[in-house]
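> So in the working numbering, the last one in the sequence shown is 260, and the numbering has no gaps at all.
It should be emphasised that the hints constitute simulated quantities derived from the structure, not laboratory data.
Treat the hints with caution; some may be incorrect.
Here are the simulated DSSO-like cross-link-like pairs (lysine-lysine), alpha carbons at most 30 Å apart as the crow flies [as the list claims (entries may be wrong)]: (1) Lys230 x Lys243; (2) Lys230 x Lys247; (3) Lys230 x Lys240.
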Amino acid sequence: MRSIQTPSKLSCILMRGTRAPQPQTANLPIMIQEVDLPSEVPVMTLSSTVLFPQALMPLFIFEPRYREMLSDVLANDRIFAVAALDERSEEAANSETSYSIAAIGVVRACKQNPDGSSNLVLQGLARVELETIVSEAPYRRARIRQILSEPGGTAAHLATIQSRLLDLIQTQIRLGAAIPQEVLQFLGAVSEPENALDLAIYTLCSSATLKQALLETREILPRYEKFEQFLHSEIKRLKLDLKLRGDLNDEHIGNN
């Protein structure tokens, strides 16, 4: 595996009106979990935005200093980290204080616009800890350490994660959740249960706070169990909506 060395931080926003990556856009090569990461990377701090390994995140780059950062990244290894803004901190908005657990990603596609802004797609590679902020100008650089997942349960339990996850998503779809059937098909085709789990969290979890907590959960089985609780709460909400509309039948009641 090749070594990667890159510079620092970038400020951009999610493209307005973008949706979760569709299955046909997610057929890029799945990256192995143990990657030879750089010791320092650029860090982009975004509000209510959490990148996961394997996930595809569309971004819009427009500020001059971050155009410079993107130019540097593309000229090197196309690598930077995305960290969620820690809004628990009163100084977060001014200082861009972020959570220390983030994800590193690689630019898979980038298109520069006539006005100098750029649209790009970043694919998550790995969980990382931002150990030290090395510099802030012209953009943030941080020293990082890769976080490797641990099973958190027996092999038998881990083997059931993907099928249990798909069953819960299928139940949501039957109850009227706005989840394309193709998402279910794509998640079922992912070879590694942990990758399927992380992609499902990134695509389906509506709470940025929960996403961050799940990104920070190193053990796979506990991560799944926390997300499973969220899916069950969504199923209960969907059933309540149907009941209030008078559309809940016995078949739906049986799906929990």
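> Taking the hints in turn, state whether each one holds.
Verification of the supplied hints:
1. For a cut-off of 30 Å, the pair hint linking Lys230 to Lys243 stands: about 20 Å separates their Cα positions.
2. Restraint check: the Cα-Cα separation between Lys230 and Lys247 comes to about 26 Å, which is no more than 30 Å; the hinted pair holds.
3. Between Lys230 and Lys240 the alpha-carbon distance is near 16 Å, which keeps this suggested pair within the 30 Å criterion.
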